[in-house]
Structure formats: C-alpha cells, structure tokens
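Participant: Chain by chain, the residues run as shown.
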Amino acid sequence: MRRLLPFALCLAFAVPVRAADMNITVEIPTLKVSEYHRPYVAVWIERDNATVANLAVWYEMKKGDGEGTKWLKDMRQWWRRGGRDQTMPIDGVSGATRPAGQHQLHFTDGKAPLGTLAPGHYELVVEAAREVGGHDTQRIAFDWPAKTPQHLFAKGGEELGQISLDINP
Amino acid sequence: MKHALARAVLCAALVLPAAAQAHKMWMVPSATVISGDDAWVTVDAAVSNDLYYPDHFPARLDQLVITAPDGSTVKPENEATGKYRSTFDLAVPLKGTYRLALVNQGVFASYEVDGKKQRWRGTPAELKAAIPAGAKNVQVSEMSSRVETFVTQGSPSDGALKPTNKGLELVPVTKPNDLMAGEKATFQLLIDGKPAANLKVVAIDGGTRYRNKQDELDTTTDKDGRFSFTWPEAGMYWVNASTEDAKTSVKDATQRRLAYTATLEVLPQ
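As given, the protein sequences belong to chains A and B, one line each in that order. 1 is the number of the first residue of the first sequence in my numbering; add one for each residue after it. 1001 is the number of the first residue of the second sequence in my numbering; add one for each residue after it.
Source of the hints: derived by calculation from the structure; they are not laboratory data. There's no promise every hint is true.
[To be verified] Partial selection, computed: residues in chain A whose CB lies under 7 Å from chain B: (1) Arg38; (2) Lys73; (3) Arg76.
[Claimed, not checked] Straight-line C-alpha distance at most 30 Å; calculated DSBU-like pairs for lysine-lysine: (4) B:Lys1194 - B:Lys1213; (5) B:Lys1095 - A:Lys70; (6) B:Lys1162 - B:Lys1083; (7) B:Lys1075 - A:Lys63; (8) A:Lys70 - B:Lys1162; (9) B:Lys1247 - A:Lys62; (10) B:Lys1117 - B:Lys1247; (11) B:Lys1200 - B:Lys1075; (12) A:Lys70 - B:Lys1166.
Virtual Cβ for every residue (Gly too), placed ideally from N, Cα, C.
Full structure from sequences and hints, please.
Facilitator: What follows is the structure, given as structure tokens:
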C-alpha cells in the first residue's frame, strides 16, 4: 500500500497534464491492377486553406537522379498548399512509400510535427497519388482543442480506404 | 527548300494577328508544374487548326526567348523543326517560374503592280528591297505577336514575368502555374506597358478534335486591362487577344497589328 501510494499520486497528477494527442489511421486499399506501384501519400492539417502542419509524406526515396521527387507534384493539393516550398526529405515527416493496409500515426500536442495548434476549426487532409493510377483526397474537419474524445472518419475513395482521426483531449 | 519552308512558316506566323484567321499558334510544354531539381520539360510549338494537334506549320524557333526565374535568358536543347511542329527540351534547374515566348516582329505589305494586287511578308530590314520601284497603293503594316507558356519548378515566382513594355503582353495577377478547375484567375494585358482596356480575350480548352464545338470562353478587359476566367474544367487552355493601332515603329508602316497568346494549364482539384 505504501508502495502504491506514490504511484497513485503520480497517476492522479499525470492524467490532467497529459498532452492532447491525435491518432490517425490511413488505409491504403489493395487494388487489383495490372501495374501497381505504392501510392505517394501526404497527410497534413489545414486552416482556411493554408497548411499549418505537415504530418506525413510518403514517397519513393530510394531512386536516384531525383526520380522520386519528380512525382511529388502529383499530390496536387499538398504541392500547392506548401509542399512546393519544402526541401525533401522533411525531418520527422517524410518517409518511404507504404504497402496496402492500415497505417497508424500518432501525434502529440506541442511536439513536432504537430506542434501547438491555436484553438480553432481545422481540416485533416490525406491525399494519395499513384503512379499510372488514380488520385484521391480525403478531408476530415475537426475543432481543436477537443473537449471530449473525438472519433472522426472519412470513408475514402478509390485510392484511399477509410481515414480515421481520434482526438484525445 | 529550307528557305521556302521558313518563309511559309513566317507567313503563317504573321497572319495570326488577323482575328479572322482560324490558325492558332501555340507552345505546349510536357508539364507546367514540376517537382525535383533534375527536371526537364519538352515542348511542342506549332501553328494549327485543332488544339493541340500539329496539322499546319511548325513554329519558328529562332523567335524563342526563354527567361529563367532569376531573369536570365536561357537556351533550349535538342531543337528540331519538322514538317508540322517544332520541338525543344528545356532544363528547369531553378526553383520558380520560367517564361517561354515566341516573339515575332514582322512587316506585312500590300501593293499593286500593273493593276495586280500583291502581298508580301517579311522583316522590317527586308521591306525596302521587297517593294518594286513602280508599285502603287503601297500599304505597310507592322506585326507584333507574342506566344507564351509558363513552367514552374517548386513555388511560382515573378522574376521572369516582367513585361518588356513592347507590344501586347500579359502580366499575371494570378500566378500562371497555379490554376485549378473551378477557380477564378485574373491577368492583365498591356500594350507598350500601358493597360490594354476593352480588349476581347478568348480561351479555348485543348482537345478540340474530340468535340463538336470550340466551347470558347469570352471576356473583355476592364479599364485597367484586367480580365478573368473561371476555368470550367481542367485542361490546357489557349488564351488569345489581338488588336491593332497606329503606333508603328517601322518606317512607312501605317498600322500595327498586335497579338498575344498563352497556353495555360489548369489542373484538377
């Protein structure tokens, strides 16, 4: 009991000061096509059509001669809303393309790449562009900070499966 | 033969300012929005009826002026002129907007010899020698035309877009490589650096071969020379304006015909 008390105290104090966080699930669907390449995917947060945080950019990093960066502009919305101002790779944000399946992303308030969002109305945007394939943009509107836990999702289209956004206040 | 072809091309280029002409001159780059430092574009340039199918004459690449984002003039590579089109490649190593322009300054003359009407087109330097001594009713027009397109690596910039203040020119208000379907884009037309007010401007989406109508968008510049289009859908638009005035720079010319054309790519949302 004596041993447990400090732990319980810790817990009691730790819970109220725990930083808000968001868990994002991005589903890349399995596509039956004759020529398949993993999609380029960008995940970012917008406010009033302006990017406030780039959360993830998955692109072909291994190819030499700039062949990988050549197709970044196919993520047209991301490119236009700030992707074109970035120098690739983006530390802590960009990474290699991912296979079909559900991909979990976790971000914490106050920490890069999410940073500190001013209170307000935002949109989470996920955009996918696939070589010799299609293009898909999904948006989830949310308010920050959340008063209660939020479970939000977008249904997805051709190139993206379900996108979910879970916000823990 | 080569000379004859060149002359034919020149003729085609020079007749363009006449609004009634069906032939359209254009440059179409393989991409207008580019990512990556080691990027190239390849460009087709031609005079045609259909957009953008070379079916008439190639454009003359000796009129090509390419301005890099830093304002410097850069050279194309792999230039070639074929039967129906010219092509060239352009490295785009710098971040920002490149302006590709076919700049044409020419002279058109009509005259009568022994009661028969003759027509001649050429350069101002050739004019004097071209008109026979006994020619009557000599009428000389100056031609000034500019055919442009734009290519941007990374973020758009303005360094290459400064007007020369000669002839009919376009000054982007909306960045010319930042165009999206459903959005309004605004530009300004200048004549010798001054706003070109009340000028008709048309825009036609490419792929005219596969539809029954031109589906031409029309507008008119305001007092500041500004005009806007709200692009109904994504595509490569041929934007054109032409006019004429009496502000000639060629001696003996009584009229100046001015034309401006741009191919502007509008991307889907």
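Participant: Determine for every hint whether it applies to the structure shown.
Facilitator: Structure-based check of each hint:
Because the smallest distance between the Cβ of arginine 38 of chain A and any Cβ of chain B comes to about 18 Å, over 7 Å, the interface hint for this residue is violated. Taking 7 Å as the C-beta cut-off, the interface hint given for lysine 73 of chain A holds, the closest approach to chain B being about 4 Å. Using the Cβ-Cβ criterion of 7 Å, the hint placing arginine 76 of chain A at the interface with chain B is satisfied: the shortest such distance is roughly 6 Å. A hinted pair counts as satisfied when its Cα atoms are at most 30 Å apart, and lysine 1194 of chain B with lysine 1213 of chain B does not qualify at roughly 34 Å.
The suggested pairing of lysine 1095 of chain B with lysine 70 of chain A holds, with an alpha-carbon distance near 13 Å, which does not exceed 30 Å. For the hint pairing lysine 1162 of chain B with lysine 1083 of chain B, the CA-to-CA distance comes to about 33 Å; that exceeds 30 Å, so the pair is violated. Proximity of lysine 1075 of chain B to lysine 63 of chain A is assessed by CA-CA distance (about 28 Å); at most 30 Å being required, the pair is judged to hold. The straight-line distance between the Cα atoms of lysine 70 of chain A and lysine 1162 of chain B is roughly 28 Å, inside the 30 Å bound, and the hint therefore holds.
Restraint check for lysine 1247 of chain B and lysine 62 of chain A: not satisfied, since their Cα atoms lie roughly 58 Å apart, outside the 30 Å limit. A threshold of 30 Å between alpha carbons decides the hint, and for lysine 1117 of chain B with lysine 1247 of chain B the separation of about 25 Å falls inside it, so the pair holds. In summary, the hint linking lysine 1200 of chain B to lysine 1075 of chain B is not supported, as the alpha carbons are separated by about 33 Å, beyond the 30 Å threshold. For the suggested pair lysine 70 of chain A and lysine 1166 of chain B, the alpha carbons sit about 36 Å apart, so the restraint of at most 30 Å is broken.
The structure is inconsistent with the numbered hints 1, 4, 6, 9, 11, 12, although it conforms to all the rest.
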